[in-house]
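Visitor: Chains as they are written, first to last, in numbering that gives the first Met the number 0: chain V, 0 to 201; chain W, 0 to 306; chain X, 0 to 287.
If you are wondering where the hints come from, they were derived from the structure by calculation, not from laboratory data. All residues carry an ideal CB built from backbone N, CA and C; glycine is no exception. It is possible that part of the hints are untrue.
Computed list of lysine to aspartate or glutamate pairs in DMTMM-like fashion (alpha-carbon distance at most 20 Å, straight line) [as the list claims (entries may be wrong)]:
#1 K173/X to E82/V
#2 K20/W to E122/V
#3 K181/W to E205/W
#4 K113/V to E276/W
#5 K186/X to E122/V
#6 K187/V to E205/W
If you anchor each label on the Cβ, the simulated ranges turn out as follows [stated by the list, open to error]:
#7 H201/V to Q66/W: 54 to 62 Å
#8 S8/V to R72/W: 57 to 65 Å
#9 R289/W to L263/X: 25 to 33 Å
#10 K189/W to W111/X: 50 to 58 Å
#11 A95/X to P134/W: 50 to 58 Å
#12 L127/X to R106/W: 30 to 38 Å
#13 V35/X to A84/W: 43 to 51 Å
Spelled out, the chains give:
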Amino acid sequence: MLLEGKDLSFRYHHGPWLFREIDVAIRSGEVVGLLGQNGCGKTTLGRILAGYDNPIKGKVLMNGLPLPRHGYCPVQMIFQHPERAVNPRWRLSKTITEGWVPDNDLLEKFNVRKEWLDRWPNELSGGELQRICIVRALGPQTRFLIADEITAMLDAITQARIFHSLLQIVRERNLGMLVISHDRHLIKRICDRIIFWENLVH
Amino acid sequence: MAILEVENLSVSFLRYTGMFKQQTIRVIEDLHLSINKGEMMAVVGASGSGKSLLAHAILGILPENAQMSGMIRYCGETLDPVKQAALRGREIAFVPQSVNSLDPLMRVGAQVRMTAKGKDPIAKQREVFQRYRLPENVERMYPFQLSGGMARKVLLATATVSDAQVIVADEPTSGMHADDVKEALQQLKKLTNQGCAVLLITHDVEAALETAHRVAVFFAGTIVEIAPSADFSGDGERLRHPYSRALWSALPQNKFMPISGVQPHPNEVREGCLFAEHCPLTTIDCKNKRPEMRELREGMVRCHHAT
Amino acid sequence: MMERKIKRFTKWKFPIYLNRRQRALLSVFFAVCLLVAVGIGGTLLESRAISTSLTERNVPPSFEHPFGTDWLGRDMFARTISGLVLSIQVGLIGAASSVLIALSLGLAAATWGRTADRIISWLIDLFLSLPHLVTMILIAFVSGGGMKGVVLGVALTHWTSLARVIRAEVLQLKSAEFVQVSRRLGKSRWWVASRHIFPHLIPQLLVGLLLLFPHAILHEASITFLGLGLSPHQPAIGIILSESMRYLSTGMWWLTVLPGLALLTVVRAFDRIGDHLHLMLDPHRSQE
Numbered sequence: 000m001l002l003e004g005k006d007l008s009f010r011y012h013h014g015p016w017l018f019r020e021i022d023v024a025i026r027s028g029e030v031v032g033l034l035g036q037n038g039c040g041k042t043t044l045g046r047i048l049a050g051y052d053n054p055i056k057g058k059v060l061m062n063g064l065p066l067p068r069h070g071y072c073p074v075q076m077i078f079q080h081p082e083r084a085v086n087p088r089w090r091l092s093k094t095i096t097e098g099w100v101p102d103n104d105l106l107e108k109f110n111v112r113k114e115w116l117d118r119w120p121n122e123l124s125g126g127e128l129q130r131i132c133i134v135r136a137l138g139p140q141t142r143f144l145i146a147d148e149i150t151a152m153l154d155a156i157t158q159a160r161i162f163h164s165l166l167q168i169v170r171e172r173n174l175g176m177l178v179i180s181h182d183r184h185l186i187k188r189i190c191d192r193i194i195f196w197e198n199l200v201h
Numbered sequence: 000m001a002i003l004e005v006e007n008l009s010v011s012f013l014r015y016t017g018m019f020k021q022q023t024i025r026v027i028e029d030l031h032l033s034i035n036k037g038e039m040m041a042v043v044g045a046s047g048s049g050k051s052l053l054a055h056a057i058l059g060i061l062p063e064n065a066q067m068s069g070m071i072r073y074c075g076e077t078l079d080p081v082k083q084a085a086l087r088g089r090e091i092a093f094v095p096q097s098v099n100s101l102d103p104l105m106r107v108g109a110q111v112r113m114t115a116k117g118k119d120p121i122a123k124q125r126e127v128f129q130r131y132r133l134p135e136n137v138e139r140m141y142p143f144q145l146s147g148g149m150a151r152k153v154l155l156a157t158a159t160v161s162d163a164q165v166i167v168a169d170e171p172t173s174g175m176h177a178d179d180v181k182e183a184l185q186q187l188k189k190l191t192n193q194g195c196a197v198l199l200i201t202h203d204v205e206a207a208l209e210t211a212h213r214v215a216v217f218f219a220g221t222i223v224e225i226a227p228s229a230d231f232s233g234d235g236e237r238l239r240h241p242y243s244r245a246l247w248s249a250l251p252q253n254k255f256m257p258i259s260g261v262q263p264h265p266n267e268v269r270e271g272c273l274f275a276e277h278c279p280l281t282t283i284d285c286k287n288k289r290p291e292m293r294e295l296r297e298g299m300v301r302c303h304h305a306t
Numbered sequence: 000m001m002e003r004k005i006k007r008f009t010k011w012k013f014p015i016y017l018n019r020r021q022r023a024l025l026s027v028f029f030a031v032c033l034l035v036a037v038g039i040g041g042t043l044l045e046s047r048a049i050s051t052s053l054t055e056r057n058v059p060p061s062f063e064h065p066f067g068t069d070w071l072g073r074d075m076f077a078r079t080i081s082g083l084v085l086s087i088q089v090g091l092i093g094a095a096s097s098v099l100i101a102l103s104l105g106l107a108a109a110t111w112g113r114t115a116d117r118i119i120s121w122l123i124d125l126f127l128s129l130p131h132l133v134t135m136i137l138i139a140f141v142s143g144g145g146m147k148g149v150v151l152g153v154a155l156t157h158w159t160s161l162a163r164v165i166r167a168e169v170l171q172l173k174s175a176e177f178v179q180v181s182r183r184l185g186k187s188r189w190w191v192a193s194r195h196i197f198p199h200l201i202p203q204l205l206v207g208l209l210l211l212f213p214h215a216i217l218h219e220a221s222i223t224f225l226g227l228g229l230s231p232h233q234p235a236i237g238i239i240l241s242e243s244m245r246y247l248s249t250g251m252w253w254l255t256v257l258p259g260l261a262l263l264t265v266v267r268a269f270d271r272i273g274d275h276l277h278l279m280l281d282p283h284r285s286q287e
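Produce the complete structure using the sequences and hints provided.
Guide: Here it is as structure tokens:
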């Protein structure tokens, strides 16, 4: 399977163009890194590839077809700030089952403890919340993952743990993953192929 | 000579669990720290672990529902809330984590000038902005017009123009470009050469190691090791505490190997060492008795077995 | 050695320490008891409120008549209580209608596109710029007075601030990450609106209702006082106060002061409930 962005261009209102006519492609089973500085537009590109925003020009296709507008999207995005990605008024048991019902195996793989699910988001740490967000995004219909600086706010040990489990699942299910980060060492460690933002936009 | 000393610091919160019951949660427990004049000390550890609260406790700006006990000494003098208020912003400066700390109704140039003491605040402010590579027109802008990185530089500038003897910086470089991070930390280092002491709180270990003289490792509400930054190299053999070694080897440029288990929750009360669950060297002693901070080689460590 | 303890509430020498939320609950409980008592009292005392007794006219407050009697020998206490019940009913209907208008317009402004938003915002500004007392009296007058006039008057003038709050909340929620994630996980617009957005609005609506409610009662009293509201055979507090004003100069102070105080107490009770609820639901102050 192939996720491609063709001729993508985007800018906010009448501001400067964040990027113009760029092409991106990710294959199933591939872990691609997108390396660039903070605030340059990588997140926006990620959001467009996951269907959260529409490009001003160009299109996003999965296997030649546009992304579905309704229903479960096969391209799932994981955000940098997990506390914003969960409803603060919902218990986590409700949050984690919003898209699908995860099995115990997966919960164990990501070290998600059962007692956390009874709690409210403000009672858990960033690392714990992020793992719940990841499990939520790994439904059976997911084919591609866009990980946008998912460990930028977490410490090194939590980061290593999360990526170990994530890479394992990605290999098992033959998913395609785009890892967006500014951390050169991290990208070099886990990615099969690296896209440099400066090369992409010029 | 130690300019700032923290002893037995404990901070706890009164939180509502459920609708109507309150519970005390200990976030910082029995923390020891001391910084010398002209030294930059980094405090590293998991985010959300309470490092920011350490900064707030030193400055005396803990939230209403926080309880604190312990001793903080500045230049040998024990601090109390009144003295803290007097020193705040004058001799002990703070660079907060949140960019929202800037006054939204005042131009940033004016805000930075407010903290600059001495004869010529405008010149000082302009010079600092130049050093941080901020364009000239930025001084006339309001905070909402700045990008995240620029706002952080302005926050740093407010602390660097003041003649503070101690600067406490809470995650001052998160979200900044890599070059700017280097530049900002170099600026702070320059201040230490002039005798200022800097306490840098960050979860970016790499950046901290390049400029800090010593590193304090924060785990489960307390500091488990204080080591010279040179000890963070190779396989981490020179490090004293197992958690520090685990943190070092988990970095992607090193082994990228995590340890099992998770950080204990503040709600869980435990006897003995809080790292015992995940530690490869645990013995029965560790489970029963909490280790005290002791000196080891050129640093300090809280472990029964460290050598 | 520095020690900082949390300031605990020690106004009364209470044997058990209650935290802020528990105190709020106690406060709410007393307020509710008071209102229930008023409600029950109203039903029981209905007959006494209208029965006249020419032998007991103009009696000052006594054991038999705690609020005294008026110029027709009617027991003022009974009259006050039934009057309160009526005022509360009117106030509740008025406040609830206002909240419904605010909810609809606020939601519409946030979800029906830019033109709708502009029109509704303009409408909000228009109503905010008019002095609401005058507008309310006008509306009551134009709709022929009575219960209908009062309710319409209150409802059509008090929706503005709440509508603004609702609009702002919904706009903010629409761009919240967890709402956008929900759509990508396959949830329909309706599902997102009812499970994510609406529950976030409920606290605001509740607080809005509880704070508007005393306002509405007082307005009903003033409209009726001016002769535009309820008719004399529906003895709400407004009528009672209006009629009793004539007798102030003759020294029969209990005819106005005591019903007035009763009204104030009820209004304060609702205000307290609203305040406490607001404090508990505001995320910045909820940990006090």
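Visitor: Each hint needs a verdict: does it hold in this structure or not?
Guide: Checked hints:
1. Taking the CA atoms of K173/X and E82/V, the gap is near 16 Å; set against the 20 Å cutoff, the hint holds.
2. As the CA atoms of K20/W and E122/V are separated by approximately 15 Å, the hinted pair is consistent with the 20 Å bound.
3. Between the alpha carbons of K181/W and E205/W the distance comes to roughly 11 Å, so the proposed pair stays at or under 20 Å and holds.
4. With a CA separation close to 19 Å, the supplied pair K113/V and E276/W stays within the 20 Å bound.
5. Restraint check for K186/X and E122/V: not satisfied, since their Cα atoms lie roughly 26 Å apart, outside the 20 Å limit.
6. For the hint pairing K187/V with E205/W, the CA-to-CA distance comes to about 16 Å; that is within 20 Å, so the pair holds.
7. In this structure the hint that H201/V and Q66/W lie 54 to 62 Å apart at CB holds, the actual value being about 55 Å.
8. Look at S8/V against R72/W: about 59 Å separates their beta carbons, and that is inside 57 to 65 Å.
9. Evaluation of the 25 to 33 Å hint for R289/W and L263/X yields a failure: the beta carbon distance comes to about 58 Å.
10. A hinted range of 50 to 58 Å for the beta carbons of K189/W and W111/X is consistent with their spacing of about 57 Å.
11. The hinted range of 50 to 58 Å is satisfied by A95/X and P134/W, whose Cβ atoms lie roughly 56 Å apart.
12. For the pair L127/X and R106/W, the beta carbons lie near 31 Å from each other, so the given range of 30 to 38 Å is met.
13. Taking the beta carbon of each, V35/X and A84/W are about 49 Å apart, inside 43 to 51 Å as hinted.
Of the hints listed earlier, those the structure fails to meet are numbers 5 and 9, in rising order.
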